[in-house]
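With chain A held as given, fit chain B onto it using these hints.
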Amino acid sequence: EAGVTQFPSHSVIEKGQTVTLRCDPISGHDNLYWYRRVMGKEIKFLLHFVKESKQDESGMPNNRFLAERTGGTYSTLKVQPAELEDSGVYFCASSQDRGFSGTDTQYFGPGTRLTVL
Amino acid sequence: AQKITQTQPGMFVQEKEAVTLDCTYDTSDPSYGLFWYKQPSSGEMIFLIYQGSYDQQNATEGRYSLNFQKARKSANLVISASQLGDSAMYFCAMSLRAPGNQFYFGTGTSLTVIP
Numbered sequence: 132e133a134g135v136t137q138f139p140s141h142s143v144i145e146k147g148q149t150v151t152l153r154c155d156p157i158s159g160h161d162n163l164y165w166y167r168r169v170m171g172k173e174i175k176f177l178l179h180f181v182k183e184s185k186q187d188e189s190g191m192p193n194n195r196f197l198a199e200r201t202g203g204t205y206s207t208l209k210v211q212p213a214e215l216e217d218s219g220v221y222f223c224a225s226s227q228d229r230g231f232s233g234t235d236t237q238y239f240g241p242g243t244r245l246t247v248l
Numbered sequence: 003a004q005k006i007t008q009t010q011p012g013m014f015v016q017e018k019e020a021v022t023l024d025c026t027y028d029t030s031d032p033s034y035g036l037f038w039y040k041q042p043s044s045g046e047m048i049f050l051i052y053q054g055s056y057d058q059q060n061a062t063e064g065r066y067s068l069n070f071q072k073a074r075k076s077a078n079l080v081i082s083a084s085q086l087g088d089s090a091m092y093f094c095a096m097s098l099r100a101p102g103n104q105f106y107f108g109t110g111t112s113l114t115v116i117p
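Protein chains in written order, with this note's numbering: chain A, 132 to 248; chain B, 3 to 117.
Just chain A, same shape as in the assembly (with noise of 0.2 Å):
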C-alpha cells in the first residue's frame, strides 16, 4: 500500500511568488492533516480536513495560505504571495476515522523543503 506522497520535494522561490504543494493521502483515509516545521522549532499545525470539508484551520498562519481538498482525495497548500517566514518543511499526514474508539494514528509524508529567498 502506498504512503502519503507529497510533490515536490523541494522549491526554491523568490519573495511575492507563488507555491503549490500538493499531498496525496494514503488511499481511504477521509483525514488529512498540514503541518509545517520552521528550522530548529516544533512541528505545528496548520489545518484538517476530514474528506473534503475543512474540519479545523486554525493553525493557518494568514490569509496567503490557501489549502483545498478537491473531491476528498488529494489536497492542495498555496502559498500567495510567498514571504520569507514562510520558509519550512510542510509536512502533510492522514489518517482513517475510527470515530469515537479515540486517537487516530497518522502517517506522514515526507514533507516539501520550502525556501523563499
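Hints were generated in silico from the structure; no laboratory data involved.
Ideal Cβ placement from N, Cα and C applies to all residues, glycine included.
Take these hints with a grain of salt, some might be off.
Said to hold, decoys possible - Under the rule of at most 30 Å between Cα atoms (straight-line distance), these lysine-lysine pairs were calculated in the DSS-like manner: (1) 172(A) <-> 72(B); (2) 18(B) <-> 185(A); (3) 146(A) <-> 175(A); (4) 18(B) <-> 72(B); (5) 172(A) <-> 146(A); (6) 75(B) <-> 175(A); (7) 209(A) <-> 75(B); (8) 75(B) <-> 5(B); (9) 175(A) <-> 5(B); (10) 172(A) <-> 209(A).
Claimed, not checked - Label pairs and their in silico Cβ distance ranges: (11) 207(A) <-> 9(B): 13 to 21 Å; (12) 114(B) <-> 170(A): 16 to 24 Å; (13) 214(A) <-> 64(B): 27 to 35 Å.
Just chain B, lined up with the frame of chain A:
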C-alpha cells in the same frame, strides 16, 4: 494549553546499548494519545509507537517501548539494542480525542548511534 517538551536536543549511544529519549506532556484533557516518530536524514516521518492515556500497560513494538508514567506526565521512548540505522531525529507527539486529533509536537531529539 497542550504542550510537549523534549529536553534533549542531541543524544549519543553506543551501538547495541539501550537509550532513553525523554518526553513530557501537558494537558488537562483526560483522553489523549502519545506517539513517537522517527525522522531519518531522508526526511520521512516514520510512526514508531502509540500509547493511549487509558492504556494500563506500556506500549511495546519490537525494540521500541514507551515508558508511560501518567502521574509524572512523561512518555519516554526506550530503544533497546541500538543499531546504526537508529540514528535519526525522534519526535514525541500528543493528540487529543477531540475536537480533531491534531498533533502537538516536541522540538525533537537527534540521536546518534556510535559504532
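Verification of the supplied hints:
no.	hint	result
1	172(A) <-> 72(B)	holds, 26 Å
2	18(B) <-> 185(A)	violated, 46 Å
3	146(A) <-> 175(A)	holds, 22 Å
4	18(B) <-> 72(B)	holds, 29 Å
5	172(A) <-> 146(A)	holds, 22 Å
6	75(B) <-> 175(A)	holds, 21 Å
7	209(A) <-> 75(B)	violated, 38 Å
8	75(B) <-> 5(B)	holds, 11 Å
9	175(A) <-> 5(B)	holds, 11 Å
10	172(A) <-> 209(A)	holds, 22 Å
11	207(A) <-> 9(B): 13 to 21 Å	violated, 37 Å
12	114(B) <-> 170(A): 16 to 24 Å	holds, 20 Å
13	214(A) <-> 64(B): 27 to 35 Å	violated, 43 Å
Of the hints listed earlier, those the structure fails to meet are numbers 2, 7, 11 and 13, in rising order.
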